[in-house]
Amino acid sequence: MTPDIEYLLSLEAVRERSRIVFEAAEKDELSHFTYHASKLPEAAAYVTSVINRDFGPDNFDAIPPHGRWQHFNVGGVPRIDDLNKQWKHDGCDRKEQARRLIDLFMVSVLLDAGAGDKWKFEEPGSGDVYTRSEGIAVASLYMFTEGAFASAGGEKHIVNAKGLQGINEEVLTKGFQITSDNPMIGVGPRAQLLSRLGDSLLQHPDIFGPEGRPGNLV
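Per the UniProt record's numbering, the very first residue in the sequence shown carries number 1; after that it's consecutive.
Derived from the structure by calculation, the hints contain no laboratory data.
Cβ coordinates follow ideal geometry from the N, Cα and C atoms, glycine included.
Hints are supplied without guarantee of correctness; some may be wrong.
[Claimed, not checked] As a list, the in silico DSBU-like pairs of lysine-lysine whose alpha-carbon atoms are at most 30 Å apart: (1) Lys-27 - Lys-39; (2) Lys-120 - Lys-95; (3) Lys-120 - Lys-156; (4) Lys-95 - Lys-162; (5) Lys-39 - Lys-95; (6) Lys-95 - Lys-27; (7) Lys-85 - Lys-39.
[Claimed, not checked] Ranges between beta-carbon positions, derived for each pair: (8) Ala-13 - Gln-86: 26 to 32 Å; (9) Pro-183 - Met-1: 42 to 48 Å; (10) Glu-26 - Pro-183: 36 to 42 Å; (11) Ala-113 - Leu-30: 19 to 25 Å; (12) Val-21 - Val-77: 31 to 37 Å; (13) Ala-13 - Asn-168: 20 to 26 Å; (14) His-36 - Asp-61: 29 to 35 Å; (15) Gly-186 - Asp-54: 24 to 30 Å; (16) Ser-10 - Gln-70: 39 to 45 Å.
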């Protein structure tokens, strides 16, 4: 592992980059969020209460890593590693692999909100069933590889504005296997969020390119 990668994976790097965003929030310079300093103690108290409830007082070292990468690999299946191997075999260089991962992770995280207690996703092939964040992660991964978030007729394993603007309830209903017996909360708002993301990406071609691709951050 190179020193640059070690730095990016360090707490120091996270804190340094987060500080930049936080300082912008304090100055009300964020484009889509408003920071309410008066709410910070309440938010901090809530987070610590949940940690203490689930892992206190002497089991904090048992807190598992929690992030989208772990959600994608639920069931011990290295889905992201398998994707990277496929992309490398297809001729993608490391930068393009990184761009595709940003595409995937951005859309998948934005889709992740409470799905309700009844919804589940049955993984094609294995038949394994997942719920909540893990289920949404795996479902969105399959939608991504099928080209659900890309414009028609091009590369499937990417996300771009035109693809996002075409997302509606029907697309998510199919991708998330939603039926009357397998309902999901908030399907419409999720579709609207992705569609608006497509609009927003096109407003910043200097960052996301003329096609409005999240992965163009790198």
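Inset, instruction - Kindly indicate which numbered hints from before are broken by the structure, ordering the numbers from low to high. - result: The structure conflicts with hints 2, 5, 6, 7, 13, 16, although it agrees with all the remaining ones.
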